[in-house]
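Visitor: Below are the chains, spelled out letter by letter.
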Amino acid sequence: MGFLVENPGVLTTVQDEGRYGYERFGMSPSGPMDSRAFHIANILVGNPWGESALEVTVLGPSLRFDGDAIIALTGANMSPRLNGAPCPMYRALTVKAGDLLQLGAARQGCRGYIAVSGGLDVPLVMGSRSTALKNRVGGFQGRKLEKGDHLSFRSPAKPPVHPELRAAPIPAPQEKEVLIRVIPGPQDDAFTREGLECFFSRSYTVSRDSDRMGCRLEGPVIAHKTDGNIISDGIVAGSIQVPTSGQPIIMLAERQTTGGYTKIATVITVDLPIVGQCKAGDTIRFQAVTVPEAHRLLREQDKELRALQARLDSPSCPASPSFYRITVNGKVYELSVQRV
Amino acid sequence: MSNCTLRWIGDQALSVEFENEISIQVNQKVRSLRHALERKALPGVGELVPTYRALMIHYDPLRADLDALTAAIDDATAHPDTDELPKAIVTEIPVLYEGEYALDLEEIARLENRTVEDIIRIHSQSDYYVYMLGFSPGHPYTARFENPFSFKRRSEPRVRIPGGSIVVQLALSDIIPFDQPCGWNIIGTTPILACDYRRENPFLLQAGQWIRHVPIDRAEFLDIRRQVELGEYRCRQYERGKQ
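If you're matching them up, the sequences are chains A and B in order.
The numbers in numbering that gives the first Met the number 0 rise by one with no breaks, and the one at position 312 of the first sequence is 311.
The numbers in numbering that gives the first Met the number 0 rise by one with no breaks, and the one at position 240 of the second sequence is 239.
Since the hints were made in silico from the structure, they are not lab data.
Be a bit skeptical, because a hint or two may be false.
Label-pair restraints from in silico Cβ distances [claimed, not checked]:
{"hint": "1", "chain 1": "A", "residue 1": "H149", "chain 2": "B", "residue 2": "R239", "range": "47 to 55 Å"}
{"hint": "2", "chain 1": "B", "residue 1": "I121", "chain 2": "A", "residue 2": "H149", "range": "38 to 46 Å"}
{"hint": "3", "chain 1": "B", "residue 1": "F144", "chain 2": "A", "residue 2": "P219", "range": "37 to 45 Å"}
{"hint": "4", "chain 1": "A", "residue 1": "R192", "chain 2": "B", "residue 2": "A170", "range": "52 to 60 Å"}
{"hint": "5", "chain 1": "B", "residue 1": "P161", "chain 2": "A", "residue 2": "G329", "range": "38 to 46 Å"}
{"hint": "6", "chain 1": "A", "residue 1": "E145", "chain 2": "B", "residue 2": "P161", "range": "20 to 28 Å"}
{"hint": "7", "chain 1": "B", "residue 1": "V158", "chain 2": "A", "residue 2": "L3", "range": "35 to 43 Å"}
{"hint": "8", "chain 1": "B", "residue 1": "E18", "chain 2": "A", "residue 2": "R192", "range": "20 to 28 Å"}
{"hint": "9", "chain 1": "A", "residue 1": "P85", "chain 2": "B", "residue 2": "P156", "range": "30 to 38 Å"}
{"hint": "10", "chain 1": "B", "residue 1": "A67", "chain 2": "A", "residue 2": "E196", "range": "49 to 57 Å"}
{"hint": "11", "chain 1": "A", "residue 1": "E292", "chain 2": "B", "residue 2": "L229", "range": "50 to 58 Å"}
{"hint": "12", "chain 1": "A", "residue 1": "N6", "chain 2": "B", "residue 2": "E18", "range": "54 to 62 Å"}
{"hint": "13", "chain 1": "A", "residue 1": "R142", "chain 2": "B", "residue 2": "G98", "range": "47 to 55 Å"}
{"hint": "14", "chain 1": "B", "residue 1": "E37", "chain 2": "A", "residue 2": "N6", "range": "41 to 49 Å"}
Sample of chain A residues facing chain B (criterion: CB under 7 Å; computed from the structure) [as the list claims (entries may be wrong)]:
{"hint": "15", "residue": "V121"}
{"hint": "16", "residue": "I230"}
{"hint": "17", "residue": "P242"}
{"hint": "18", "residue": "S244"}
{"hint": "19", "residue": "L297"}
We put the beta carbon where it would ideally sit given N, CA and C, even for glycine.
Make the full structure from the sequences, and use the hints.
Guide: Okay, structure coming up:
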């Protein structure tokens with residue numbers, strides 16, 4: 000039981016939390032580009048947060064189910080339809096054998112997630128089901144999904160009892176210009192004062208060459224004191240490399256693990272999903288924050304997701320609010336309905 | 000007492016940087032710190048990624064005790080314990096230095112004003128140290144400590160060279176695990192895989208180890224490649240100085 004890929008969309012891959020523990024061998028973890036949306040999708044279908052799900056990009060796939068399942072859609076809004084009728088995001092949906100799920104072009108954002116209760120049956124490679132596209136390993140045969148592929152479900156350890164009641168608030172759509180918070184360094188001292196001012200005050204446009212490896216930006220040149228080269232050292236998710244060209248690159252899920260370019264700053268963890276949702280032409284501004292502030296924001300986000308999970312999993316779940324987005328005369332309203 | 004700087008890398012990692020140079024002395028400090036922290040196994044501390052002169056320490060901000068972590072770093076760098084380092088392992092890398100498997104060998108000989116036989120002898124006569132792995136899975140950055148060659152990169156990088164290529168410049172020699180663009184000269188090709196996902200541990204090498212290139216002929220190359228395909232080949236490994 001699983002689904003047949005009738006149309007793969009632009010770039011649909013299997014991702015789980017990521018392949019950790021091998022960075023010292025030169026292998027980046029891969030994993031979801033918007034971990035927040037990915038975690039919420041899994042929470043909605045009753046999975047562990049890091050369970051394998053589909054990441055869909057820019058233009059979503061069409062999937063024909065041949066077994067019953069509980070699924071959830073989060074992240075970029077690709078106008079999902081189930082058997083031709085619009086279906087809601089950010090809530091658990093029951094699909095039956097024969098159902099057709101179709102996603103279209105992203106109306107906002109760039110990446111969406113389709114989680115299935117139980118997860119997807121692809122082999123564990125080095126402890127993970129994530130596809131590493133560049134390294135051609137993991138996920139479904141180490142590649143993006145293609146027309147005619149068939150993926151099977153793994154059976155859920157504990158399927159959710161009231162799928163129809165499992166809903167999460169729909170986040171506000173991301174603006175075309177976003178503010179990304181960063182911790183300066185480690186090589187911020189390699190830049191001139193003007194270079195640093197430029198980075199922290201001007202806006203940078205996401206280039207067409209961006210992918211799961213990195214978000215390439217174009218904008219005013221960030222000036223180095225000498226040049227953009229260092230003795231190669233480690234790179235983390237969110238490292239912002241500025242080579243001698245002065246154009247920044249935010250390193251993401253499929254980054255290289257080491258590199259020889261100066262890094263002006265690192266994106267804080269809670270803002271990485273925002274970068275993951277940026278598409279070509281969107282613009283980014285950077286703002287410096289402190290490490291304790293970044294940790295506070297991360298704890299807050301973690302608490303929020305734990306609260307969502309606790310609410311959905313509690314026996315009193317029927318009393319929890321349901322969220323709807325309705326359109327009246329072209330205007331979108333977001334409603335929350337709660338039994339009182 | 001080591002001369003080092005601790006830097007905060009975003010909100011999930013720390014980097015400890017030693018002297019800003021590529022040398023085995025500095026790299027051994029990185030290695031020593033890595034092993035000290037690995038032995039401590041502090042809760043919430045994740046991967047420890049060594050590079051030439053720095054150690055990246057990943058931590059989970061929701062679980063790690065950062066005061067305990069920084070105290071452990073201070074302690075380990077104040078009292079580096081090189082006796083505890085793992086043994087220096089040498090891995091033999093069979094290399095075919097011939098024809099289409101050694102595209103630039105003749106040009107290297109011309110650049111160095113030596114015979115092809117000389118070049119092969121020089122490349123295979125001493126050990127290269129593995130400073131770090133990076134760029135692609137299983138890709139070692141190796142070097143030795145005298146300058147065997149004086150040539151640098153090619154003027155025009157190649158768009159794609161095959162996995163298995165052994166590339167060189169100056170004191171450096173890398174094994175290319177997978178097809179990739181490359182601007183270095185190809186001195187030979189190895190039939191072994193620096194990264195093989197079929198193996199339980201896919202990676203042949205680790206930072207802090209050594210490699211030795213061993214010339215093989217075409218028949219040996221084909222034989223080893225066949226064994227590699229069957230997953231039966233094991234590279235010869237020994238403790239350095241105890242061959």
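Visitor: Now, for every hint given, state plainly whether the structure supports it.
Guide: For each hint, the structure was consulted:
1. A:H149 to B:R239: 47 to 55 Å: Hint holds: Cβ distance 51 Å, inside 47 to 55 Å.
2. B:I121 to A:H149: 38 to 46 Å: Taking Cβ atoms as reference, I121 of chain B and H149 of chain A lie about 55 Å apart, which means the hint is violated.
3. B:F144 to A:P219: 37 to 45 Å: 43 Å, holds
4. A:R192 to B:A170: 52 to 60 Å: 37 Å, violated
5. B:P161 to A:G329: 38 to 46 Å: At 57 Å between Cβs, range violated.
6. A:E145 to B:P161: 20 to 28 Å: 26 Å, holds
7. B:V158 to A:L3: 35 to 43 Å: Holds: the Cβ-Cβ distance is about 37 Å, inside 35 to 43 Å.
8. B:E18 to A:R192: 20 to 28 Å: With a Cβ separation near 26 Å, E18 of chain B and R192 of chain A satisfy 20 to 28 Å, so the hint holds.
9. A:P85 to B:P156: 30 to 38 Å: 50 Å, violated
10. B:A67 to A:E196: 49 to 57 Å: 37 Å, violated
11. A:E292 to B:L229: 50 to 58 Å: 55 Å, holds
12. A:N6 to B:E18: 54 to 62 Å: With a Cβ separation near 56 Å, N6 of chain A and E18 of chain B satisfy 54 to 62 Å, so the hint holds.
13. A:R142 to B:G98: 47 to 55 Å: 33 Å, violated
14. B:E37 to A:N6: 41 to 49 Å: For N6 of chain A against E37 of chain B, whose Cβ atoms are near 47 Å apart, the range 41 to 49 Å holds.
15. V121: 14 Å, violated
16. I230: Hint on I230 of chain A: holds, closest Cβ of chain B at ~5 Å, below 7 Å.
17. P242: With a closest approach of 15 Å, the P242 of chain A hint is violated.
18. S244: Violated. Min distance 17 Å.
19. L297: 6 Å, holds
Violated hints, in rising order: 2, 4, 5, 9, 10, 13, 15, 17 and 18; the structure is consistent with all others.
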